[in-house]
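Chemist: Using the sequences provided together with the hints, build the complete structure.
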Amino acid sequence: METKVKRTNNMRTSSKTVAWYILLIILTLICLVPFYIMIIDATHTNGEIASKLWLLPGAALLDNYHRLVESVPIWRGFGNSLFIAIAVTAVSGYFSALTAYGFSRYKFKGNKMLYAIVLGSMMIPMQLGFIGFYQLISKMHLLNSYIPLIIPSIANASSVFFIKGYTDGAVHESLIEAARIDGSGEFAIFNKIGLPLIMPSVATMSIFTFIGTWNNYLTPLILISDMDKYTLPIMQVVAKGVYKTEFGAIYTCIAISVVPIMIAFAFLSKKIIGGLTIGGVKG
Amino acid sequence: MLKKKNKVDKGKYGIYFVIPYFITFLLFALYPVIYTLIISLQKWDGISLNPAFVGLKNYVTLIHDALFYQAIANTLIMWICAVIPQMVFALFLAVMFNSAKKIKGKEFFRAAMYLPNLVTPAAVAVLFAFLFDWQTGAINKILLDLHVISKPVNWFLSEYSSRGIMSLISWWMWFGYSTIIFGAGLNNIPVELYESANIDGATHWQSFKSITMPLLKPTVLFAAVTSLIGGMQTFDIPYVMTGGQGGPNNKTLTVVMYLYNTAFQNSNYGYGSAIGYGLFILILVFSIITFKFINRNADND
Numbered sequence: 000m001e002t003k004v005k006r007t008n009n010m011r012t013s014s015k016t017v018a019w020y021i022l023l024i025i026l027t028l029i030c031l032v033p034f035y036i037m038i039i040d041a042t043h044t045n046g047e048i049a050s051k052l053w054l055l056p057g058a059a060l061l062d063n064y065h066r067l068v069e070s071v072p073i074w075r076g077f078g079n080s081l082f083i084a085i086a087v088t089a090v091s092g093y094f095s096a097l098t099a100y101g102f103s104r105y106k107f108k109g110n111k112m113l114y115a116i117v118l119g120s121m122m123i124p125m126q127l128g129f130i131g132f133y134q135l136i137s138k139m140h141l142l143n144s145y146i147p148l149i150i151p152s153i154a155n156a157s158s159v160f161f162i163k164g165y166t167d168g169a170v171h172e173s174l175i176e177a178a179r180i181d182g183s184g185e186f187a188i189f190n191k192i193g194l195p196l197i198m199p200s201v202a203t204m205s206i207f208t209f210i211g212t213w214n215n216y217l218t219p220l221i222l223i224s225d226m227d228k229y230t231l232p233i234m235q236v237v238a239k240g241v242y243k244t245e246f247g248a249i250y251t252c253i254a255i256s257v258v259p260i261m262i263a264f265a266f267l268s269k270k271i272i273g274g275l276t277i278g279g280v281k282g
Numbered sequence: 000m001l002k003k004k005n006k007v008d009k010g011k012y013g014i015y016f017v018i019p020y021f022i023t024f025l026l027f028a029l030y031p032v033i034y035t036l037i038i039s040l041q042k043w044d045g046i047s048l049n050p051a052f053v054g055l056k057n058y059v060t061l062i063h064d065a066l067f068y069q070a071i072a073n074t075l076i077m078w079i080c081a082v083i084p085q086m087v088f089a090l091f092l093a094v095m096f097n098s099a100k101k102i103k104g105k106e107f108f109r110a111a112m113y114l115p116n117l118v119t120p121a122a123v124a125v126l127f128a129f130l131f132d133w134q135t136g137a138i139n140k141i142l143l144d145l146h147v148i149s150k151p152v153n154w155f156l157s158e159y160s161s162r163g164i165m166s167l168i169s170w171w172m173w174f175g176y177s178t179i180i181f182g183a184g185l186n187n188i189p190v191e192l193y194e195s196a197n198i199d200g201a202t203h204w205q206s207f208k209s210i211t212m213p214l215l216k217p218t219v220l221f222a223a224v225t226s227l228i229g230g231m232q233t234f235d236i237p238y239v240m241t242g243g244q245g246g247p248n249n250k251t252l253t254v255v256m257y258l259y260n261t262a263f264q265n266s267n268y269g270y271g272s273a274i275g276y277g278l279f280i281l282i283l284v285f286s287i288i289t290f291k292f293i294n295r296n297a298d299n300d
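Here the protein sequences line up with chains A and B, keeping their order.
Numbered according to numbering that gives the first Met the number 0, the first sequence spans residues 0 to 282.
Numbered according to numbering that gives the first Met the number 0, the second sequence spans residues 0 to 300.
Calculated directly from the structure, the hints in this document are not laboratory data.
Any given hint could be a false lead.
27 Å max Cα-Cα, derived DSS-like pairs, lysine-lysine [stated by the list, open to error]: (1) B:56 <-> B:42; (2) B:216 <-> B:100; (3) A:108 <-> A:191; (4) A:138 <-> B:100; (5) A:51 <-> A:243; (6) B:208 <-> A:15; (7) A:269 <-> B:105; (8) B:208 <-> B:105; (9) A:51 <-> B:150; (10) B:100 <-> B:208; (11) B:100 <-> A:15; (12) B:9 <-> A:191; (13) B:105 <-> B:216; (14) B:9 <-> A:106; (15) B:250 <-> B:150; (16) A:15 <-> B:103; (17) B:100 <-> A:269; (18) A:243 <-> B:140; (19) A:191 <-> A:270; (20) A:270 <-> B:105.
Covered stretches of chain B (in silico footprint by chain A; criterion: 3 or more residues with CB under 8 Å from a CB of chain A, positions within the stretch not fixed) [as the list claims (entries may be wrong)]: (21) 49-62; (22) 95-103; (23) 136-148; (24) 192-204; (25) 274-281.
Chain B is faced by these chain A residues, among others (derived, beta-carbon under 10 Å) [unchecked claim]: (26) 15; (27) 34; (28) 37; (29) 133.
Ideal placement from N, C-alpha and C gives every residue a C-beta, glycine not left out.
Modeler: Right, dumping it as C-alpha cells:
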C-alpha cells in the first residue's frame, strides 16, 4: 500500500518534470530557431530560400557573401563598430572607476549632493536632450565624427553607481594609507592600487557597455552621414534597402553581426548573467 | 593629531576625481536637455541663424495633435501586449527554476532564453522582417507546414498583426532577462519562510500568494518601471521593420519615431523638441501610475 502511494507520487513528479522539460525546450527553440534559420538561410541561394524551409545548410554561403560585399562595405561597418565599442568601453570604464573611487574614498565638500545628481541623472530619458545634443554637436562641427559617440561616455551614471557599490567594500583604507606613507600621490594611488582592486566590477560593467555600444542604432544614425563611417547596425539597415529580394545576402549580413555576439556569449554567459543579477537586485 | 589633519586634507582631492564626470555631464547631458527646452519654444528648421521664438505654440499644437496621441496609443499598446506575457512567463519560469531542483541544464535554458536580449535590435528587426516576409519568410512556411494557415499571410498589411509582431519581438527579447531578474529576487527570499509555511500545511499556491508575491514585489516593480521607461522609448525595431513609416496607417508609429521623423526627416526641430518634452512628462506620469498600481495591490492583500 505504502509503496503504491509512493509510486504514484513518483509518477506524478516525473510526468510533471517531463512537462517542465517540454515547456523549457519549446521556449528555448523559440529563442534559438530564428538564429538557426538565419545561419542556414545564409548558405542557400535566393531561389532555394523562396521555395521551402531549409533545415540543413546549402552551398551558397560564399556567393551570398560576395554579393553582399559588392555593394555594402560590411567589414568597414564592423571595424567602425568595433573601434567605437572598444573606445567607449575603455573611456567609460576608466572614468567611471575614477568617479566611483572619488565618491567612495574621499569625504569632500558636496560629495553627497553631487552623488545624488549622478543617481538623479539616471532617471532622465536620453530622448529628452536628443535634439539639443544633435544641435550642440552640429555647432561644435563634430557631425560625422566619432568624438560625440565616445567622449560623452565619460559620464556613465549607471556604471558609476555599480562600481561605487563595489568600491565601498573592496578598497581598504589601510592599503591607501600605506601607499600615502610611501609618498605616492593620490592619483598614482588610484592607478596603482585602487583601479586593480575594483577591476572586477569594471570588467563586469565593461561587458554591458560594450554590448550596449555595439547595438546602439539611433545615436550614430543622427550623427553620422558618411557611408564610410557608418556603424554595423546602420550598414545592415542600408543592406535591407539595397537587397530587397536578395535574401541570402541579407541573412549573411545579419549573421556577421549576430554570430560574434553568440560566440562571445558562449564564453562569457556566467559573467554576463551574474552581472545582470547584481545590477538588478541593487537597482 | 598630525595624521588626522593629513586625512582631512586628502579628502579635498576627491573633487578632482569627479570633475571630469561633471564637466562631461554638464556639456553633453544637462546642457542638451536645457537647449532642447529652448528649441521647443522656437520654430526652427535647424539651419537658419535666427530661429523664431514662438512661446508655447509648439506645446499647444502638440496637445491638439491627433498623430501624437496615435503615437502614444501605439507605443502603449505594443508595450502592454509585450510586457504582460513577458512578466507572466518570467515569473512562472523563475519560480520553476527556483523550486524544481531536479531540472537539469537550468543554466543552459536560462542562457538560451537570455540570448535574444544581447543581439543588436536593428539586426533583429531586419531578421524578423525577412522571417515574416509573406512570400519567402520562414514563419509562413512553418505555419503552412503545420496546417495552421492554408495560404501565406501578409502580416504587415494589418495593424493588428503588425503591432502583434512588434510585441512578439519585444517579448522574445525580454522574457529571458526578466526571468533572471526575478530569479535573483527569489534568491533573496529566506527558505525558512517556505519551510514553516509547509509545516503549517500551506499549499504551493498559498505560499506563492502570501510569501513569494509580496516579497518579490520590489523586484517586479523595478522590472515594470524599467520596462515602461524602455518601452516608451521604443524606436529601433518598428522603425527598421516599417522603413521609418510606422505603417500600416501610422499604427506602429512610436513616440520616438514621430520625434525622429519630425526633427530629422522634416527639419522641424522646434516641434520635435516639444515632442521630446511631451514624452518625458508621459514617462513621468506612467511611471507614477505603474508604481501606484503595483503598490496598491500590496495594500489589498
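Chemist: Each hint: holds or not?
Modeler: We went through each hint and held it up to the structure:
no. : hint            : in the structure
1   : B:56 <-> B:42   : 9 Å, holds
2   : B:216 <-> B:100 : 24 Å, holds
3   : A:108 <-> A:191 : 25 Å, holds
4   : A:138 <-> B:100 : 60 Å, violated
5   : A:51 <-> A:243  : 18 Å, holds
6   : B:208 <-> A:15  : 21 Å, holds
7   : A:269 <-> B:105 : 12 Å, holds
8   : B:208 <-> B:105 : 24 Å, holds
9   : A:51 <-> B:150  : 14 Å, holds
10  : B:100 <-> B:208 : 20 Å, holds
11  : B:100 <-> A:15  : 13 Å, holds
12  : B:9 <-> A:191   : 17 Å, holds
13  : B:105 <-> B:216 : 24 Å, holds
14  : B:9 <-> A:106   : 9 Å, holds
15  : B:250 <-> B:150 : 25 Å, holds
16  : A:15 <-> B:103  : 14 Å, holds
17  : B:100 <-> A:269 : 19 Å, holds
18  : A:243 <-> B:140 : 19 Å, holds
19  : A:191 <-> A:270 : 25 Å, holds
20  : A:270 <-> B:105 : 16 Å, holds
21  : 49-62           : violated (count 0)
22  : 95-103          : holds (count 4)
23  : 136-148         : holds (count 4)
24  : 192-204         : violated (count 0)
25  : 274-281         : holds (count 4)
26  : 15              : 8 Å, holds
27  : 34              : 8 Å, holds
28  : 37              : 6 Å, holds
29  : 133             : 8 Å, holds
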